[in-house]
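Asks: Generate coordinates for the entire structure from the input sequences, incorporating the hints supplied.
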Amino acid sequence: MAVKEVTKNGKKRKQSSEDEVPVPPPAIMNGELEMLSDEEDGEDALSDDGGVDGFPEIDTRSDSGDDEFEGLDEEEDSEEEEDEQGDSSDADSLHVFPKAKTIISHITGQPKRVYPEIEPDYDSDSSTEDDPNRVGNVPMHWYDDLPHVGYDIDGKKVLRPARGDELDKFLSTVEDPSAWTSAFDKNTQTDKPLTTEELDIIRRLYAGEVPDAEYDPYEPTIEWFTGKGKEEVMPLSSAPEPKRRWVPSKWEKQKVMKIVRAIRQGRIIGSKPKTTSKFSFYSIWSEMSSSHPPPLPAPKPSLPTNSESYNPPEEYLPSEEERKEWEAQDPEDRERDYLPQKHSALRLVPAYDRFIKERFSRQLDLYLAPRIQRVKLNLDPSTLIPKLPSPSSLKPFPNYKSLKFTHTKGRARCVSVSPDGAWVVSGDESGKVSLWEVNVGREVKSWNFDSKIGALDWCPRLDVSYFVVAVEEKVHFVIPPNVPGPVLALTQSLLAPATLPPAPPTPSPVKWVTPPTSSWSIDTPILTANLPASSGLPTQVTWHRRGDYLATVSTGGTQGGVWIHQVTRRHSQAPFKKVKGAVQLVLFHPLKPHFFVATQQYVRIYNLSEQKLLKTLIPGIKWISSMDVHPSGDHLIVGGYDRKLCWFDLELSDKPYKIMRYHTRAIRSLHFHPSYPLFASSSDDGAIQIFHSRVYNDLMTDPLIVPLKILRGHEIRDGLGVLQVKWCNRQPWLVSGGADGTIASTFARSMGLLDVLAAT
Amino acid sequence: MASIPGAATISLPVVFTTQTAYPLPSQKFMIPGTWKRYQLSQLVNKALALPKIVPFDFLVKGEILRTSLGEWGAEHGVGEEETLDIEYIESVMPPEKVSDFPHEDWVSSVSCQLQGQFLTASYDGHIRTFDYSKATTSSTQAHSAPITSICLVPSTALDANTYTIASASHDLTAQLTQVTLGAAAGSSSAKATRIATLHLHTAPLASIASNSTGSNLLTASWDGLIGHWDTSVPSSDEVPENASNERDRKKRRKVDEAGRKKVPRKAPVGVLKSHVGRVSKAVFANGEGRIAYSCGFDSTVRVWDTENGVCTHTITASEKPFLDLALPQEPHTLLAASTDRTMTLYDVRVSTTSASAPVSFLHPALPSCLATSSNTQQVVSGAYDGVVRVWDLRSAKGALATFRAWEGGEKVLSVDWERGLVGVGGEGGFAVWKVGEGAR
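Heads up: the protein sequence lines correspond to chains A and B, in order.
This note's numbering applies: residue 1 is where the first sequence begins, and numbers increase by one.
This note's numbering applies: residue 1 is where the second sequence begins, and numbers increase by one.
Because the hints were derived from the structure by calculation, they are not lab data.
Just so you know, not all the hints are guaranteed correct.
[Unchecked claim] Here are the computed lysine-lysine pairs in the DSS-like style, where the Cα-Cα straight-line distance is at most 27 Å: (1) A:K445 - B:K262; (2) A:K228 - A:K243; (3) A:K169 - A:K192; (4) A:K409 - A:K432; (5) B:K262 - A:K395.
[Unchecked claim] Covered by chain A, according to a simulated footprint, are these stretches of chain B (three or more residues, beta-carbon under 8 Å): (6) 169-181; (7) 202-211; (8) 316-330.
[Unchecked claim] Below, a sample of chain A positions facing chain B; criterion: calculated Cβ distance under 8 Å: (9) P396; (10) A422; (11) R442; (12) N482; (13) Q731.
Since this is a predicted model, take the numbers as computed values, not measurements.
The C-beta atom is built at its ideal place from N, Cα and C for all residues, glycine as well.
Replies: Below is the structure:
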């Protein structure tokens with residue numbers, strides 16, 4: 001069976017690698033292995049193997065007749081064999097070594113010993129050889145990563161015998177019952193069965209015992225040096241104290257002298273001495289350390305007064321009651337620590353009995369009294385406040401409420417000031433739009449619409465005069481009364497021209513309707529743009545600066561709500577097919593063809609002419625409520641329902657330049673003044689805050705933002721405060737629309753310049 | 001009084017001066033520090049032995065004495081060694097309400113110039129006249145748009161019951177209306193005819209004013225122009241009708257509704273153009289009608305030569321949009337009310353760079369209108385808080401008297417003061433109060 005395996009393995013090896021020497025499997029016994037390897041070696045290198053192959057030579061040697069040598073050789077071999085095999089194989093060895101017979105040589109006539117013919121069989125001598133590779137006693141780990149395991153006596157590489165793969169290992173463990181008691185031997189590169197002793201050592205180690213079976217941990221004590229009769233009477237050594245113990249070492253001295261000489265000759269340069277000057281005494285009191293402030297001088301003992309005189313005037317002498325009172329007091333409570341005494345002459349003054357005590361307490365004072373300068377942080381709190389110009393130097397700004405205009409039916413949602421700054425239109429939730437003078441507050445005209453007013457805005461053109469009113473799904477264009485003739489004619493020809501502009505190539509869902517000229521009166525809108533059905537209430541109307549385009553934002557409807565309308569062409573288009581998030585507000589850039597779109601959390605800037613996204617601003621506001629762009633177009637303010645107001649420098653970054661959180665409730669509206677460096681923010685807390693916002697042309701200078709004034713005057717109803725603020729053109733006046741209450745809403749126009757009174 | 005030690009004992013040397021008809025001899029009086037206005041007034045009355053008690057108010061260094069003299073001295077750091085110059089004026093009686101004329105709409109302008117009649121212009125476009133017995137003597141719709149200002153054009157040629165009234169309106173025109181009142185008071189025979197419309201402006205008009213002879217008019221408008229007109233009625237249109245068909249029809253319809261005949265359209269004699277903002281008021285100077293004053297929202301007060309139509313002088317204030325203008329008796333001074341809640345006294349001869357700051361009278365609310373009395377140094381101002389204040393120009397610290405025209409604090413839009421009667425027009429209608437020396 002083993003032979004079969006050999007051949008099988010050999011075939012396998014030949015398949016895998018041709019040059020590798022086929023090696024017998026580990027389970028083969030030593031003798032077989034030797035044979036096989038010999039044969040194979042012969043095949044591989046025929047000429048070299050002649051020396052190694054001993055068995056045919058035995059015959060020749062025996063032919064040559066060198067018997068004794070032969071015999072000696074055999075003896076040595078057998079001895080080696082005995083050494084290696086141990087005692088257990090003694091009985092076998094008797095049979096293994098054949099007896100020599102002494103015969104008379106028929107050639108020489110001399111008697112000679114003749115050994116029987118050795119059959120190269122299982123019981124041949126070579127079967128005892130167990131060091132098959134003969135690489136010598138070298139550490140086998142040297143060859144761990146090499147294909148060979150050493151060199152034989154001829155300097156040839158001894159190649160590493162092939163090891164079986166995992167399947168072979170498994171098979172061997174299954175088929176060979178002794179496989180689990182065998183271990184890999186690096187010398188032979190084979191698995192070697194462990195001997196009984198080795199197994200015993202393993203068992204002992206495993207059991208935690210002493211591995212040596214011979215070792216007896218409980219041996220009886222043998223007293224070699226102690227015990228009865230072995231006491232040391234004399235000292236261990238009576239040698240005299242050696243001289244080197246007290247004489248300086250000559251060799252050390254020579255070593256030191258060598259160094260000294262080297263130092264003198266300059267070959268050794270010592271490290272720089274740490275202190276060049278020699279140690280000097282100094283008075284620790286006279287010299288002050290530089291880092292600390294100088295210690296406070298000790299308090300001086302007070303100078304003696306009249307009452308301490310040896311002969312004080314009579315009035316200083318204590319009376320009997322005072323003396324008693326003084327003596328009754330505790331020493332700490334006494335006002336003075338002595339009693340004035342009168343002596344008629346200095347020579348009669350006795351020795352001062354409290355001298356020692358007084359000196360001692362003085363020393364205690366000097367020593368224990370903590371005389372440190374307490375560094376109080378004398379910071380003026382005003383210096384910590386950033387240096388802002390005083391509001392009075394930033395006049396004019398609104399500082400009092402001048403007028404109130406009341407909408408009786410609903411809260412005033414929206415308000416707009418005419419471009420000449422003279423008229424205000426305001427719309428409330430009951431559908432009423434009022435036109436009133438900015439300076440008197442008298443309603444001149446009102447229009448009634450059938451749904452609540454979402455937004456309104458005055459056309460910024462100065463040569464025409466009209467405003468747009470956004471109600472549910474409609475945008476109305478209304479001309480105010482008392483417009484001068486040329487302006488009225490131009491406005492009419494703009495809004496209701498005799499020949500309508502050509503229809504746009506792509507039909508728009510927004511229909512522009514002009515009532516027939518006969519039915520038009522000042523009370524009805526001259527032009528209406530019907531937004532698509534179920535688009536909801538437009539909450540914002542914003543004009544382009546030139547007054548030809550306007551954008552509306554509808555919310556609440558099922559369809560998305562940004563539309564850009566062109567008045568001259570009577571055409572509306574939706575600039576975005578799909579916008580991520582609900583659009584809250586839009587704005588036209590005052591100078592460039594840019595378009596600001598505020599969704600719930602981001603403000604995106606689009607270039608309308610190139611039709612691409614330029615920038616996304618991240619205000620960090622949870623829900624944007626309001627937005628306005630500076631007239632220069634370089635700055636943007638964004639307000640949110642979470643009370644934050646962010647100022648963006650559009651040249652700078654997409655993060656806010658400044659975040660202000662001055663309102664206590666949600667911000668509702670923001671507006672930059674068109675000409676003055678002012679902006680206002682209104683909030684649900686019923687307050688309007690006025691800020692000075694100076695923007696410099698110099699790019700290096702940051703904008704200056706100074707809070708100027710908090711105007712209160714609106715009441716908070718249903719949690720809603722001031723809903724919209726708008727500035728008047730040309731004057732530092734502010735118009736604000738508030739939601740107060742179920743029945744009334746007020747408009748406060750706060751205006752003014754210098755003055756004392758607050759605006760409540 | 002007890003808080004000031006020694007106030008009971010000190011006496012102050014005082015010299016009295018006055019511009020009234022009751023002068024005291026200029027000598028030094030030693031006045032006890034405890035004395036107040038009442039004792040001082042009694043002193044003057046007794047010293048002059050006046051047959052009828054005349055109450056006086058006392059101005060100490062430009063401030064009306066409200067406390068005792070000793071307290072005033074302590075407050076202002078004036079010792080008892082210093083001689084005080086005290087000027088006394090006849091005190092203003094507490095104003096009394098004479099009558100109330102309720103209007104349906106706001107009253108934008110009032111005039112008390114007419115003896116025995118009050119003129120009011122209202123936001124509903126009507127000009128109304130009332131007599132002293134609260135009866136409406138005439139009512140005519142002069143404009144289809146709100147009237148902002150009216151004035152009486154004095155004329156001598158007409159009979160006693162016929163007056164010419166000039167009105168300015170939001171409909172971009174001013175108008176001359178002839179009102180003939182019935183002979184008997186309260187009769188309904190009043191007749192009003194429009195005699196001319198004045199066409200110049202392209203924005204609503206803010207004010208209209210006539211000179212003392214009634215020969216010329218000034219209109220101020222929001223478009224920054226001041227129109228200078230004469231009051232002669234032209235025989236034909238001086239300004240062509242606007243050719244716009246829409247507007248024309250609308251206008252014609254309105255005219256038809258009003259049922260009135262076509263009136264001549266008048267052109268201005270001259271246009272005074274220098275203001276850069278809205279002009280809020282333009283008036284002729286007292287005396288001959290060559291010089292005019294105007295104020296506007298561009299924070300300037302301008303002096304005009306109306307014959308040449310040039311601006312001769314400009315007073316530039318900083319950020320004071322002016323709302324109204326009034327001329328006190330003293331020549332070359334004018335009062336202007338501005339939106340910074342001040343009424344400021346300017347000397348028109350002084351350039352703006354002069355060191356002395358003009359005197360400002362502070363109001364707690366926006367002063368919207370001013371009126372001067374004809375013969376005293378007093379002025380009334382009406383404010384948006386509904387309070388009319390009477391000021392003495394020598395005392396900038398506080399008003400002589402204040403009264404609330406209506407109970408609810410409605411805005412006051414116009415005041416006029418003539419013959420001791422102050423007409424107050426505004427949100428609450430028209431009210432007449434008795435103020436000043438004429439009330440006695």
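Asks: Are there three or more residues in the region 316-330 of chain B whose C-beta lies within less than 8 Å of some C-beta in chain A?
Replies: holds (count 4)
Asks: Taking 27 Å as the top limit, are the C-alpha atoms of K409 (chain A) and K432 (chain A) close enough?
Replies: Judged against 27 Å, a Cα distance of about 8 Å means the pair holds.
Asks: Measuring from the C-beta of P396 (chain A) to each C-beta in chain B, is the shortest one below 8 Å?
Replies: Holds: closest Cβ of chain B sits about 4 Å from P396 (chain A), inside 8 Å.
Asks: May I ask you to test the interface hint for Q731 (chain A) with respect to chain B, counting a Cβ-Cβ separation under 8 Å as satisfied?
Replies: Holds, about 6 Å.
Asks: Under a C-beta cut-off of less than 8 Å, do 3 or more residues of the region 169-181 of chain B approach chain A closely enough to confirm the stated coverage?
Replies: holds (count 3)
Asks: Are the Cα positions of K228 (chain A) and K243 (chain A) separated by 27 Å at most?
Replies: 38 Å, violated
Asks: Is the coverage entry for the region 202-211 of chain B by chain A consistent with the three-residue Cβ rule at 8 Å?
Replies: holds (count 3)
Asks: Next pair to validate is K169 (chain A) with K192 (chain A); report whether the Cα-Cα distance is within 27 Å.
Replies: 14 Å, holds
Asks: Any CB of chain B closer than 8 Å to the CB of R442 (chain A)?
Replies: 5 Å, holds
Asks: Next pair to validate is K262 (chain B) with K395 (chain A); report whether the Cα-Cα distance is within 27 Å.
Replies: 50 Å, violated
Asks: Let's test the interface hint: is any C-beta of chain B closer than 8 Å to that of N482 (chain A)?
Replies: 5 Å, holds
Asks: Does K262 (chain B) sit within 27 Å of K445 (chain A), going by the straight-line distance between their CA atoms?
Replies: Roughly 26 Å separates the two Cα atoms, so the pair holds.
When the structure is compared with the earlier hints, violations turn up for hints 2 and 5 and for no others.
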